[in-house]
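Visitor: So the protein lines, in turn, are chains W and G. Going by this note's numbering, 149 is the number at position 149 of the first sequence; the sequence numbering is gapless. Going by this note's numbering, 356 is the number at position 356 of the second sequence; the sequence numbering is gapless.
Hints are not guaranteed to be accurate.
[To be verified] Simulated crosslink set (PhoX-like; lysine-lysine; CA at most 25 Å straight-line):
#, chain 1, residue 1, chain 2, residue 2
1, W, K28, G, K108
2, G, K89, W, K125
3, G, K108, W, K106
4, W, K132, G, K103
5, W, K132, G, K89
6, G, K8, W, K106
7, W, K132, G, K246
8, W, K241, W, K28
9, G, K34, W, K132
10, G, K99, W, K106
Everything labelled a hint here was simulated from the structure, so no lab data went into it.
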Amino acid sequence: MSIVEVESVTTKFGINTIHDNVSFSVNKGEIFGILGGSGSGKSTILREIIMLEKVQSGNITVLNENINNISLKQANMLKQNWGVLFQFGALFSSLTVIENISVLLKEYTTLPDSLIQDIAYTKLKMVGLPTKAALLYPSELSGGMKKRVGLARALVMDPQLLFLDEPTSGLDPASAESFDRLIVDLRDMLNLTVVMVTHDLSTIQNALDRFIVFHDKKILFDGSYDDAVNLDHYAMKKFLKI
Amino acid sequence: MNCDISIKRHNETNIVLDVKGSWLKNNLVDVNTKLQEISSNIDNISIIFDFENTNEIDSAGIILILSNMTTYINNNCHVTVINMTTSQKTLLLFYRQNKVSNKITLKKEKTNIFYKIGKTFYRYMISFVQFLNFVGENFYFFLQTLIHPSQIRFKAIVKQIDLSGIRALPIVILTSFLIGLVIAYQGAEQLQQFGANIFIVEMVSISVIRELAPMITAIVIAGRSASSFTAEIGTMKITQELDAMKTMGFEPSIFLVMPRVIALMIALPLIVFLADLVGIFGGMVVANLQLGISYTEFIDRIYTEVDIRHFLIGIAKAPIFGFIIAIIGCYRGFQVTGSTDSIGKYTTISVVNAIFWVIALNAIFSVLFTQIGI
């Protein structure tokens, strides 16, 4: 069953074509990677899927909703079924860590405060952060911690679908590796489907089930790492450093 | 779909709780109170959660049950679960692993009034000392550029004059015209009663060129430029541009502060001159319409009755206002730290400070100059 379906999407900025008739789909339970060099439009396609950028031509279906013509109400329902982690966490700088995590529960549920706190602290520990970080402000956190808080915030509503924008960029190799492992563990535990934009080689090897590679406005490759290694194409070889 | 919890069986040694329906975060409020009721009157008993009739359960539901389990265990009860599906069990174990029992709370500060006053006063004092430091530092670099004039950023100065001076002209012209107009209009009413129509000339001219034009212009510029200086420099600090400059040996003082300060010190007297003209023109229009004083008559009387010193005092104040606006705007920009909301905070502080000091300095000058008789 496909969770995200992208059909013949074409995107242009001015005279610049970013995607030329691009199609792919993401299956349930997969950790799916969107890869490509800088400026290849991988972040743009992610922004189109999560409705930050309008789809110019083509169709995108997320959790069986066509996002091209979706009502405001349906869009809001849809948004509660996914979580997004931005590249630098995008935490609300005026809120503490624990407030950042619990903000969605406060806005969208009528749960009592004590339970919201319980949930937020559990999610904080779940992403591997110490309890004493709870009352810090985002400006007091390191880059890796920000990403973990961002992940906890993205997971707080138990989404089926998780979008990650370069989750391991800017992390040291050990933190990056443990972040990858965390993503895989969470996927196994919580039945998530994960879509991530990345260009971290170790993530590609260790975390992704399947990925696509953007090259020259088109999708050059769609498959697993083992298939990619066998593909004889200069751009792929350069990209995967093989 | 709703969720419910009820006591299925109850005997002396154990209670079986029936976990029914969909335990999702949107409908947990009622069961939360029910669970608390149950927990309030049990002690030293075996409790069994039966998940036979559970449709679905999410993290909020599991964490709610886990929290209550902890309470029961603290009441010397023995807790077990039965009839869970494998996936529910893994979730339960997973969240139990990550359960945090010792939440932390923020300690409230002492709220003694003297403590507060003292703290505020101390903060102001520190902030004032820091401001003097900042001014001193910039003065040092100013002297350095006087010795090496090639370091002066002429291009940046010209750009700042354009941004903060020339672009501000329309709004300054409009405000000073209106000020001249209002002064003349209100004055005309009063002067007419005494038949002293012609004194409108002195009234408008002196008040505008000596006090109002410099002050209003400075306030407009403070609102425009102090805020933009703070926001610009603050953003540069957050994006680490300032750090980058320092590592390249570009002194922010010379590259950012001095061009802005010098630009406003040059631009403000010129703008004030224009504001003088426009303000007087506003008065002239009213004098003509309201009191029948012709334009030539008005200008002639300015020549004979209004001393040049009034004009000079007004113009002389302008660079001082320019200095204080620019230096406050830049200083607050450098104070921005970390988060994005501190930009908003310091921008507000910078505009309020700049306007306050313009008005305060104007008042001091007014008294001072009148006392020494000029």
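Visitor: Now tell me if each hint is right for this structure.
Guide: Now the hints, each set against the structure:
no.: 1; hint: K28/W x K108/G; result: violated, 47 Å
no.: 2; hint: K89/G x K125/W; result: holds, 19 Å
no.: 3; hint: K108/G x K106/W; result: holds, 23 Å
no.: 4; hint: K132/W x K103/G; result: holds, 9 Å
no.: 5; hint: K132/W x K89/G; result: violated, 29 Å
no.: 6; hint: K8/G x K106/W; result: violated, 33 Å
no.: 7; hint: K132/W x K246/G; result: violated, 34 Å
no.: 8; hint: K241/W x K28/W; result: violated, 29 Å
no.: 9; hint: K34/G x K132/W; result: violated, 32 Å
no.: 10; hint: K99/G x K106/W; result: holds, 20 Å
Checked against the numbered hints given earlier, the structure breaks hints 1, 5, 6, 7, 8 and 9 and satisfies all the rest.
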